[in-house]
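J.: Each protein sequence line maps, in turn, to chains A and B.
Residue 197 in my numbering sits at position 197 of the first sequence, with consecutive numbering throughout.
Residue 139 in my numbering sits at position 139 of the second sequence, with consecutive numbering throughout.
Note that these hints are calculated values from the structure, not bench results.
Source: prediction; values computed, not measured.
A few of these clues could be false.
[Claimed, not checked] Covered by chain A, per the in silico footprint, the following chain B stretches (three or more residues, Cβ under 8 Å):
no. : region
1   : 47-58
2   : 114-120
[What the hints assert, rightly or not] Taking CB as the label site, the calculated pair distances span:
no. : chain 1 : residue 1 : chain 2 : residue 2 : range
3   : A       : E35       : B       : E166      : 24 to 32 Å
4   : A       : E35       : B       : S79       : 50 to 58 Å
5   : B       : D119      : A       : N49       : 36 to 44 Å
6   : B       : G38       : A       : K2        : 44 to 52 Å
[What the hints assert, rightly or not] Below, simulated DSS-like cross-link-like pairs (lysine-lysine); rule was C-alpha separation at most 30 Å, straight line:
no. : chain 1 : residue 1 : chain 2 : residue 2
7   : A       : K2        : A       : K224
8   : A       : K72       : B       : K256
9   : B       : K30       : A       : K285
10  : B       : K295      : A       : K224
11  : A       : K30       : B       : K285
12  : B       : K224      : B       : K295
13  : B       : K295      : B       : K30
14  : A       : K72       : B       : K249
15  : B       : K249      : A       : K256
16  : A       : K10       : A       : K30
17  : A       : K256      : B       : K231
18  : A       : K2        : A       : K94
Beta carbons are placed, not taken as given, at the ideal position from N, Cα and C, and that holds for glycine.
Number of protein chains: 2
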Amino acid sequence: MKTKFNHYIKNLQDSITQKLADLDGEAHFKEDLWERSGGGGGCTRIIENGGIFEKGGVNISAVHGVLPEQMKAYFNIKSGNFFACGLSLVLHPKNPFIPTVHANWRYFELYDDVGKLKDQWFGGGLDLTPYYLFEEDVRHFHQRCKNACDAHDKELYPLYKKKCDEYFWNGHREEARGVGGLFFDYLRPDPKHSVQDWYNFVTEVGDSFLDAYVPIVERRKSMKFTASQRKWQEIRRGRYVEFNLLHDKGTLFGLKTNGRIESILMSLPPHVQWEYNHQPQENSKEEELLNVLRKPRPWA
Amino acid sequence: MKTKFNHYIKNLQDSITQKLADLDGEAHFKEDLWERSGGGGGCTRIIENGGIFEKGGVNISAVHGVLPEQMKAYFNIKSGNFFACGLSLVLHPKNPFIPTVHANWRYFELYDDVGKLKDQWFGGGLDLTPYYLFEEDVRHFHQRCKNACDAHDKELYPLYKKKCDEYFWNGHREEARGVGGLFFDYLRPDPKHSVQDWYNFVTEVGDSFLDAYVPIVERRKSMKFTASQRKWQEIRRGRYVEFNLLHDKGTLFGLKTNGRIESILMSLPPHVQWEYNHQPQENSKEEELLNVLRKPRPWA
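Pulled out of the complex, with its shape left as it was, chain A reads as follows:
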């Protein structure tokens, strides 16, 4: 399974970066290969200052070895070895009418000291962070998420949609980071699902990413925007930074386990503003977005 999923994310990185670079038209992805001293490494692909994408990364990694102290504490395990691989992507478009998107799909294996497989699971999801609300875009994104789930089990979408709203909650602001999507973790083999079933599900979600996001980019990329709309985007990007550095378990786990800093923090937006006590005008488009973030809604 680890070979198969690792192969899958390599191909997915290729197909996603090729499509996004074609879509962007101006910039291409630059690749950094890196190695982890304890075992394994990764391939970071970054796009910057493009026609559409101001900054983004589509990264894969496959790491393995003796469980680091922080992972042992996190999983409450005394000793052992691990394997983990996954793809993480974040795209920050220039145009404030195009939402930021984030996705991650990962697979984890734990072994005992003699190398016997003790635990295995998939995790991941995808979620959308708009700066202005276009309901048709959000419905489209969620419908693609729902279709991918429904092909496997009708119970999955409502469950993982809810988990996504809960996970990407910027508690100190009492608002969501964005309009959600899917979030799932610890998808272990169980009486209803084999590890192959979960592989089929997670790869179906991965395969649906471009369909979920690209049509939104196409619809919004030529819309004109003002300096004040751009400012609102930069202020909202500040909330994105706050979530990632204060609450995101993946980011904090990566930093604590000495992950590659630049690959982890590629998620941070390029230009960001913090203004004291910024409040949108009443009944404005900016307030309309905030109202949705404060009370997550059903979308599909």
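Mind docking chain B on chain A? Use the hints.
T.: Below, chain B alone, put in the same frame as chain A:
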């Protein structure tokens, strides 16, 4: 003591904001009064888009009441009441040759359930975050810190200078946030120092703030800077954000104990950039700064 120190920080807020507004020449401080539902409140004073200060805050608060859950866990106490007051300031100048400065002075009392004083301490310090290194500025700042310490005890400056370098360490980057200053905490009455001794010390440090910082601003405020120097400043401000949201105990404690979000996060800089894997040119002024941040030096 709590009345006396609270009175002191109120006057200090007035004298600092008056001097800084005079220095700025263009903007003035806007005041927000706020109340804490559990008891007490604060006075937040913010300056934005000034001639010198792009964003800054000089805030005081005095809060009290039943110990919130998070504080009980933090102090490992089952129940009781508390009083805390302090002044916090952060100034982000526009000109990248003027350093950002941060300072905080605070006093804490803990009581048992019948209101008997069980513990009391002072904490705080001040520290400088330059974007370009002017050794005379850093020496001046540290000399003012040292003078304030030496007036009370020759052992304090080396101790609190070291604690400052340790505290403002951006561990995931393996570099300091800035060039340090003083950091002290849990200054409790002990055989060598009465609570009045610590009050005398902490207020001496507070009184030395303007002397430590203003001459640096005066020296640098008229220096011309380029767009690329400004960009370096915004990238370094990103490291400031990373420290405050990932590592700063004061910020995280404030957010966890439902402090006033906008008063806490006023510390975040106005315009910030994150660029993937940004590295300064070899032997540049930017690299010179990094070398100092990676290996904190003696300055006084």
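J.: Give a verdict on every hint.
T.: How the hints compare with the structure:
1. Counting residues of the region 47-58 of chain B whose beta-carbon sits less than 8 Å from any beta-carbon of chain A gives 3, enough to reach three: the coverage restraint holds.
2. Given as covered by chain A, the region 114-120 of chain B fails the check, having 0 residues with a CB less than 8 Å from a CB of that chain where 3 are the minimum.
3. Range check, A:E35 to B:E166: Cβ separation about 31 Å, and the 24 to 32 Å hint holds.
4. Remark: the range hint 50 to 58 Å for A:E35 to B:S79 is upheld by a beta-carbon distance near 52 Å.
5. One distance hint, 36 to 44 Å for the beta-carbon pair B:D119 and A:N49, is violated here, with the actual separation near 54 Å.
6. Distance hint for B:G38 and A:K2: a CB-CB separation of about 51 Å, consistent with the stated range 44 to 52 Å.
7. A C-alpha spacing of about 45 Å is found between A:K2 and A:K224, which places the hinted pair above 30 Å, so the restraint is violated.
8. With a C-alpha separation of about 26 Å, the suggested pair A:K72 and B:K256 falls inside the 30 Å cut-off, and the hint holds.
9. For the proposed pair B:K30 and A:K285, the alpha carbon gap of about 27 Å is at most 30 Å, so the pair holds.
10. A C-alpha spacing of about 48 Å is found between B:K295 and A:K224, which places the hinted pair above 30 Å, so the restraint is violated.
11. Between A:K30 and B:K285, the direct Cα distance comes to roughly 27 Å. Compliance with the 30 Å bound is thereby established for this hinted pair.
12. Taking the CA atoms of B:K224 and B:K295, the gap is near 29 Å; set against the 30 Å cutoff, the hint holds.
13. At roughly 38 Å between alpha-carbon atoms, B:K295 and B:K30 are farther apart than 30 Å, so this suggested pair is violated.
14. Among the hinted pairs, A:K72 with B:K249 is consistent with the structure: their alpha-carbon atoms are about 24 Å apart, no more than 30 Å.
15. Distance hint between B:K249 and A:K256 is fulfilled; the C-alpha atoms sit about 16 Å from each other, no more than 30 Å.
16. Restraint check for A:K10 and A:K30: satisfied, since their Cα atoms lie roughly 16 Å apart, inside the 30 Å limit.
17. For the given pair, A:K256 sits about 29 Å from B:K231 by alpha-carbon distance, which is consistent with the 30 Å threshold.
18. Proximity of A:K2 to A:K94 is assessed by CA-CA distance (about 36 Å); at most 30 Å being required, the pair is judged violated.
In the structure shown, a violation is registered for the earlier hints numbered 2, 5, 7, 10, 13, 18, in ascending order.
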